[in-house]
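Model the full structure from these sequences, guided by the hints.
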Amino acid sequence: MANGSLANEVSYLEYQGKHKGIAGWLLTVDHKRIGLMYLMAIMVFFFVAMTLGVLMRLEMLSPGQTIMKPQTYNSVFTLHGVIMVFLFIIPAIPAVFGNFILPIQLGAKDVAFPRLNLFTWYLYMTGATLAIVSLFTGGGAADTGWTFYVPYSIRSAQNVTMTTLAAFILGFSTIVTGLNFIVTIHRLRAPGMTWFRMPLFAWGLYATSWIQVLATPVIGITLVLIMLERFLGIGVFDPALGGDPILYQHLFWIYSHPAVYIMILPAMGIVSEILPTFARKDIFGYKQIAISSLGIALIGYLVWGHHMFVSGMSDTSRIIFSLLTFLVAIPTGVKIFNWVATLYKGSIKFSAPLYYVLAFIFIFSIGGLTGLVLGALATDIHVTDTYFVVAHFHYVMFGGMGLMFFATMHYWFPKMFGKMYNEKVAVIACTVIVIGFNMLYFPFFILGYMGMPRRYYDYLPQFQGWHVLSTVGSWILVGGIVFMFGNLLYALLKGPKASMNPWGGTTLEWKVPSPPPLENFDEIPIVTGGPYVHDKSTYIMHPSREKIHTNGGAKSAKEEAAL
Amino acid sequence: MTEHSEIVEHAHEAGHVHRDDEASKMAMWLFLFTELLLFGGLFLLYGAYRFEYADGFKVAAADMNSFIGAVNTIILLTSSLSVALSIAAIQRNQKKLCLGMLWFTILCGLAFLVNKYFEWSHEIHNGIYPGGPALENMSNGEVLYFGLYYVMTGLHGLHVIVGLIFIGFVMVFISRDKITSTNFQKLENSGLYWHLVDIIWIFLFPLFYLLH
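Top to bottom, those sequences are chains A and B. Residue numbers 1 to 563, in the working numbering, belong to the letters of the first sequence in order. Residue numbers 564 to 775, in the working numbering, belong to the letters of the second sequence in order.
Simulated from the structure, these hints should not be mistaken for lab results. Heads up, a few of these hints could be off.
To be verified - With a Cα cut of at most 30 Å, we get these calculated BS3-like pairs of lysine-lysine:
| no. | chain 1 | residue 1 | chain 2 | residue 2 |
| --- | --- | --- | --- | --- |
| 1 | A | Lys-20 | A | Lys-494 |
| 2 | A | Lys-18 | B | Lys-679 |
| 3 | A | Lys-18 | B | Lys-749 |
| 4 | A | Lys-18 | A | Lys-419 |
Unchecked claim - Restraint-style ranges between C-beta atoms, simulated for each label pair:
| no. | chain 1 | residue 1 | chain 2 | residue 2 | range |
| --- | --- | --- | --- | --- | --- |
| 5 | A | Gly-529 | B | Thr-641 | 52 to 58 Å |
| 6 | A | Lys-494 | B | Glu-585 | 46 to 52 Å |
| 7 | B | Phe-732 | A | Leu-135 | 54 to 60 Å |
| 8 | B | Lys-621 | A | Ser-317 | 26 to 32 Å |
Unchecked claim - Calculated Cβ distances over 10 Å to all of chain A for the following chain B residues:
| no. | residue |
| --- | --- |
| 9 | Val-622 |
| 10 | Ile-669 |
| 11 | Leu-676 |
| 12 | Asn-678 |
| 13 | Asn-689 |
| 14 | Gly-690 |
| 15 | Phe-768 |
| 16 | Leu-774 |
| 17 | His-775 |
Ideal placement from N, C-alpha and C gives every residue a C-beta, glycine not left out.
What follows is the structure, given as structure tokens:
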């Protein structure tokens, strides 16, 4: 492959192919460039949604109208939810880091369908553009909340149709990404990489991709039905015509509950990558962590009813859904204990990514345990639709996926850009973020317990103290985030060069240059052992150049792979 | 599939000549799963409302012309056979026969759509459409039956059109010898898609035409 070796002399960032300049990015089929294009788009939308969140907190600084009208507040929380969920949390880790890292970790030159991969980015951008356009056209931004509950979403005069269409297209984008990853993991693992030699990030993505493929079509048809209801009034969700709004909630959560595992499973996969690297130790309970990802995906599919405990369901179904909800805690607990056990007797090197992971374990545990309060029937009724729920899902979503996104930014930053960031600043930013985060969201638990309902722009005067604390927390959090990205941006422009393996990582992405060349590998490597072995190399990077000796005799690459 | 022993050549510059039929087939099956779940949501609604409004559904279903439905079923089943035969033909290197079979499939698909058009326009002519005058005097069950009827057969009809477009592209590929007896995964994938269109109809037909 003459072309291949030529292409491998420069990194993917410098490589000039058929298309140059900006077209070299917009028309690229390279998984690494597509990952970066996703990163740029996703960062923009993250900042938009974050700004909306800060504005909401500002409105809540004092009772009554502070900076916006109630209708504006409704649109702001809807857009904050829609953008965060559909444009940031769901696609961020798979689309950015899955795209960038997964093929390298598997020892492949690209994903299975590179052109389809580019297509998903355009779908994403189309959906995102529609979501933004829906802000300014029609009757104004949707005001239904990100859940689009009927019958209000049918009756609302705002631009709900375009927002649901945007969500539909974004859903299609994640389906195709998931499909691409499943096939990539099945077909493109390097020789010798058996299922149980696969890095745990790949396992996390594998479980995630199955949920994406099997759950997203349900929200697709549900959103189409909302649009048809609005245009034609077919009646399936309209009580006036005999339709049942509760059925809408079922269909919505059949997707949207599994979707929270789409959000968290890739993040959990990265925790399992970062811990063994910085503990200098093989991960504890590899198989259990791998299988528990599939377990979470499977059980997570069957718990959607816990979003509807007060919507009208038989007691039998409520008890079953509550029981199944508790069951999710088992595979999650398996993971948490294995992570902590990995640190035990490790040779721990504290570094920014590890600080984020430790913060994740602490914050996610709070989020998980308060999830049990919501999963239990009696306590749920007291806190349903209060700030308690808001606090819970910000602890698991932002504290879980969001913090891990930041951790990943730091962990793979040297690999993606070939530059190093300032470690000290990164750790300070992480500390500020964790303090701001808890100051912003912990008061929500107390407010919710005291009875503060969610999605209200106004509140009773006795809640003000907690609201002020929380709003100040939001400023600290945003300060930390800006500080963190500033540090990374500075590193991108002025940072020192990063080595091939700055952390001492053991997976395949650390065996190729930083940033990786266009085709990742000169030769497809051979895998001879598990992914987190620190004391010896488990990869043969140039099988044809090396004479492979095992057990005293020369063996062919194929025999070696079978070991 | 636990061991992926051969190293797949993957030339970026040569416009991705990388070819893996197994991967392509797997992706198609995954895509079909998503289609099944897309319709699954609608079948779920049908089931729930049929249970809730059993009487209204019976009355409404009696209005359907099961003869046209049966004819359409036969048409689609035959077209599934001709797609399967076209794959057998290309495997035996019989390009003309293969193209003939695909032409026949397209004709069947078009015939199905024409029938559907007449059925829909008959209902619409009678004032049975969302917001239509006849529907206003009907019970909730009947309204929901026709709402679902339009959505489900409409979505299915859309899939028939997409399937026809796929087959059209495949025919161009065949006539340009891009699809041959050793490289026919694209044809097989369109065939799989067409079978999906067929199998969904096999469930729609009894649910809307025969159960009353």
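Hints, one by one, checked against the model:
This hinted pair checks out: A:Lys-20 and A:Lys-494 have alpha carbons roughly 24 Å apart, not beyond 30 Å. For the hint linking A:Lys-18 to B:Lys-679, the alpha-carbon distance of about 48 Å lies beyond 30 Å, and the restraint is violated. Taking the CA atoms of A:Lys-18 and B:Lys-749, the gap is about 27 Å. The hint holds against a cut of 30 Å. Straight-line distance between C-alpha atoms of A:Lys-18 and A:Lys-419 comes to about 27 Å, which keeps the hinted pair within the 30 Å bound.
Hint check: A:Gly-529 to B:Thr-641, Cβ distance near 55 Å, so the stated range 52 to 58 Å holds. Checked against the hint of 46 to 52 Å, the pair A:Lys-494 and B:Glu-585 passes, with Cβ atoms roughly 47 Å apart. Between B:Phe-732 and A:Leu-135, the C-beta spacing of about 37 Å breaks the proposed range 54 to 60 Å. A beta carbon spacing of about 28 Å between B:Lys-621 and A:Ser-317 agrees with the range 26 to 32 Å that was offered as a hint.
No beta-carbon of chain A comes within 10 Å of the beta-carbon of B:Val-622; the shortest separation is about 13 Å. For B:Ile-669, the condition that its CB be more than 10 Å from all CB atoms of chain A holds, with the nearest at approximately 26 Å. Residue-level check passed: B:Leu-676 sits 20 Å from the nearest beta carbon of chain A, beyond 10 Å. Residue-level check passed: B:Asn-678 sits 22 Å from the nearest beta carbon of chain A, beyond 10 Å.
Distance check on B:Asn-689: its Cβ is at least 17 Å (rounded) from any Cβ of chain A, clearing the 10 Å threshold; non-interface status holds. Distance check for B:Gly-690 against chain A: the nearest CB is about 15 Å away, which clears 10 Å, and the non-interface claim stands. The Cβ of B:Phe-768 lies farther than 10 Å from every Cβ of chain A, with a closest approach of about 20 Å, so its non-interface assignment holds. Look at B:Leu-774: its CB is around 18 Å from the nearest CB on chain A, clear of 10 Å, so calling it non-interface holds up.
With a minimum CB-CB distance of about 18 Å to chain A, B:His-775 clears the 10 Å threshold, and the non-interface call stands.
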